[in-house]
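Line by line, the protein sequences are chains A and B. As numbered in the working numbering, residues 158 to 374 make up the first sequence, in order. As numbered in the working numbering, residues 5 to 294 make up the second sequence, in order.
Just so you know, these hints were derived from the structure itself, not from any lab. Backbone N, C-alpha and C define an ideal beta-carbon position, used for all residues, glycine too. Any given hint might turn out to be false.
So the derived list for chain A, only partly shown, Cβ under 8 Å to chain B, looks like this [stated by the list, open to error]:
1. ILE209
2. GLY213
3. LYS229
4. ARG234
5. MET239
6. GLY264
7. VAL267
8. PRO271
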Amino acid sequence: MIEFQNVSYEHQKGNGVNNLCFKIDDGEFTFLIGPTGSGKTTLMRLVYFDIIPQTGSVIVNEYSSEKMSNRKIPKARQSIGMVFQDYKLLKDRNLFENTALPLHVLGFPVNEIPERVEETLELVGLDGKDKHFPHELSGGEQQRACLARAIIKEPDLLLADEPTGNLDPVASFELVRLLETIHETGTTVLMASHNYNLIKGRGHPILELKEGILRGN
Amino acid sequence: MDKFFYLLTDGMKNLWRHKLTTFTAVFTLFLALFFVGLLATAGTNTHKILQYLRTKYKIEVFFKQDVSNDEAIGYIYRIKQIKGVRTATIIEKEDAIRIFKDQFGENIIDILGYNPLPVSAVVNINRTSRDRLSVEPIINEIKAINQVDEVRYQGSLINKIERTYTRIIDQFPFLAGIIIFFTVLVIYNTMKLSVYGRRELITSLQLIGATRTFVKMPFIFEGIFIGILSVSLVFPALIGSINGINYLLMNFTSWGIKLIFDPTVLIWLFVLVISITFVGSYRAVSNFLK
Chain A
158 MIEFQNVSYE HQKGNGVNNL CFKIDDGEFT FLIGPTGSGK TTLMRLVYFD IIPQTGSVIV
218 NEYSSEKMSN RKIPKARQSI GMVFQDYKLL KDRNLFENTA LPLHVLGFPV NEIPERVEET
278 LELVGLDGKD KHFPHELSGG EQQRACLARA IIKEPDLLLA DEPTGNLDPV ASFELVRLLE
338 TIHETGTTVL MASHNYNLIK GRGHPILELK EGILRGN
Chain B
5 MDKFFYLLTD GMKNLWRHKL TTFTAVFTLF LALFFVGLLA TAGTNTHKIL QYLRTKYKIE
65 VFFKQDVSND EAIGYIYRIK QIKGVRTATI IEKEDAIRIF KDQFGENIID ILGYNPLPVS
125 AVVNINRTSR DRLSVEPIIN EIKAINQVDE VRYQGSLINK IERTYTRIID QFPFLAGIII
185 FFTVLVIYNT MKLSVYGRRE LITSLQLIGA TRTFVKMPFI FEGIFIGILS VSLVFPALIG
245 SINGINYLLM NFTSWGIKLI FDPTVLIWLF VLVISITFVG SYRAVSNFLK
């Protein structure tokens, strides 16, 4: 569950978001749409507590920005999966190591990790590529690797910030389908995009941001 | 426990993943520690060099003309009792003729018809003292013997050597402190650069919910491994260098100096490097996480 209550945040250089109020219930798939610079990434960062609102409050599952501390942030993020436009894969580790990393963070038993990684890579269509390093994968594959890393811990909430930004139309469509498949397992999904054609007609709620202000729901 | 072993092995794997950074850090630490090790060895051997120089200190005592060889033996016994005197060797009148002939190629009796050379003695002083040696009290006591005519010694040279030695010994802790401070600084900055080079990794780890400890531990383990690697290279390098210097000293000089390597230096170097790499990597990641 994500709830924004009169949330405002302004960056030093201007921009940001202004007086946002909305709620996304558990198990919903929501699109966040808006042009570049509209505040989509700021909103996402507020959700994973990378920034704390200057006014108002953000509630994500049982965590509230009002009671957030540096010690609580890792715990809050452990139930959130994140997919980024620039993937943020670790270049010095292969696909297996990248995907397994969240499980090590959560303290999973080592003997259970290989099977879980294998299942997740199969789900995103990267089975058999576990020894590959990020630079040996295509853009679409890297994005799916990023998705695998985000979902391996079975998060309650999956955030995807412009995940199709660097992908061709076919790969973009496949990725959205994959997100929908994950959503079907009960995961709440919030996906930001500036590509309206990609998300229209899918039957999911859309939040529209323009110059930091929420336009539609 | 699984998490701990993961972090430990990840720290080790990082050494291989970032070979160039590892090599640079190990090499920098190696140079810094090798220098500190050499300095410590020099410190523990300074007195050996001084002892060698002290063997060159020579006091020559000339007795009055009328003192016979037998009488001189009695006076020499008194000289030997003076505090700071190690040996005193008599040079009888006959020995003096021989020495004169060796030096000038002439027999003085053939020239003068009699032996004008007095009985004398060569006095060596105690060289093992770690304190500054002052020869003046010894000279004064020798001069106090009535039958002593003249005492010759290299007063200014001895004073200069002893003064220089005292100065080095006095300033050694200060000098060592400065060198260790800069060594700590070099090691600390090496660790800092190593962490800074992987800031993307830290950001990614934070985004997937890694705690501060989880982020820090591989860097700390990696830092300690770098320290262990460099110190294990320093040990043979130091021992090898000192053996090499000893070989040169023994085979190509007549100084009779053999440097002694104090094994506790290795323990100190190990403790030093582990402490600095631990604190250095811990602080470097902590600063980055702020």
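Taking the hints in turn, this is what the structure says about them:
1. ILE209: 15 Å, violated
2. GLY213: Cβ of A/GLY213 sits 23 Å from chain B, so the hint is violated.
3. LYS229: 11 Å, violated
4. ARG234: Nearest chain B Cβ about 4 Å off; hint holds.
5. MET239: 6 Å, holds
6. GLY264: Check passed: Cβ of A/GLY264 comes within 5 Å of chain B, closer than 8 Å.
7. VAL267: 5 Å, holds
8. PRO271: A/PRO271 check fails; min Cβ-Cβ to chain B is 13 Å, beyond 8 Å.
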